[in-house]
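Undergrad: Each chain, letter by letter, is given below.
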Amino acid sequence: MNFLLLYLLLTKATLASFSGLTSLPMVRHDLVEHYQVLTDRQLNAAVAAGRTAPGPNGLYVVSVGYFVDGVPGACAGLLATITPAFLIIPMLQYLGRRADRPPVKSAIRAVTLAAAGLVVTTTIPLARDALTGALPIAIAAGSFLFLVLTKRATIWVIAASALAGLGGAWLH
Amino acid sequence: MEQLSLYRLFLLYMRLASVTFGGGNPTMAAMHTEMVARRKWLTSEKYSVCYALARITPGTNMLAFCAGTAWELLGWPGAVAGVLAASVPAGIVVALLTQGYDAVRANPLAMAAVAGTLAAAVGMMGTAAWELLRPYLDRRRWLHASVISGASLLLSLRFDMPPIEVLALAAVAGLVWRIPE
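Top line first, the protein sequences correspond to chains G and L.
Counting in the working numbering, the first sequence runs from 1 upward without gaps.
Counting in the working numbering, the second sequence runs from 1 upward without gaps.
These are calculated hints, taken from the structure and not from any lab test.
Reference excerpt, derived from the structure (chain L facing chain G, CB under 8 Å, subset only):
no.: 1; residue: L16
no.: 2; residue: G68
no.: 3; residue: A121
Just so we're clear, the structure is a prediction, and the values are computed from it rather than from any experiment.
We treat Cβ as the ideally placed atom computed from N, Cα and C, and that holds for glycine.
So that you can see chain G by itself, here it is in the shape it has in the complex (with noise of 0.2 Å):
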């Protein structure tokens, strides 16, 4: 398959859906039965390189391309991926010219508020998955209580926890 139908079928997955994974059903549909350059297994093997790697799940669209042509797949992927990312700053300049009227700025507190209920609502699965001991709650409470009183850089808790979670497996 050549990288231009790849990045654009790949585009068209990410541009239909709104958030991570909601574009596998396309993926799917196009890659693994439509042209079938992919199969179910490699396709269950790019999620979960996507889920075990850091940053955004969407990335398993990287995984995908690398399963269909090696590097420059991989790389078609990547592509696919950050082109619908530009799409929100004509909404930010939209809203930007708006955003000093009052009733726009009530708005906007409105959402901030609402957008903390669901950082805590996108946490509960997260928290399920991953408090399964004493130690991963007390890395996660650690971790919140040291962001909130320190102000320190996040990466300082990611090193931390890695080695936490390392002593853990040690330990056992």
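Given chain G's structure and the hints, the job is docking chain L onto it.
TA: Only chain L this time, still in chain G's reference frame:
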């Protein structure tokens, strides 16, 4: 406070996206801590607008969020730098992981380190929620904060309402029920 520059923005986005596990949400939460609470590059309101608009932008929410916040800070060069920093290094990790996926999954030490950072991601997301709420917990606005954030939590958790609809409903609530400065 660290001065804003294209180079510093690139480094920060790359660092956060490349070491934060658990999907885009923990990365966005970490960005609140780094850009709003620590460096004060961005106001909480602008962060929230980008968060909300990223939800209605097709594709990967976190990359749209990076494009939006970086554009707010440094225009188009910032947006391009922010998106590349948040996607290219992490994309390379995904490609490498695709090559050696079975070996990584079978390595208990690697998976233990990932499990530790996933637990930290829960704490980081809790911090972001707290930092978004905290400015509104004063005498004039605590009721708005409790009702709107509580309703958002209830609608998304109990009634499975999609985030786009929750945020749209909140915007309407803010238009009707004015939240003071």
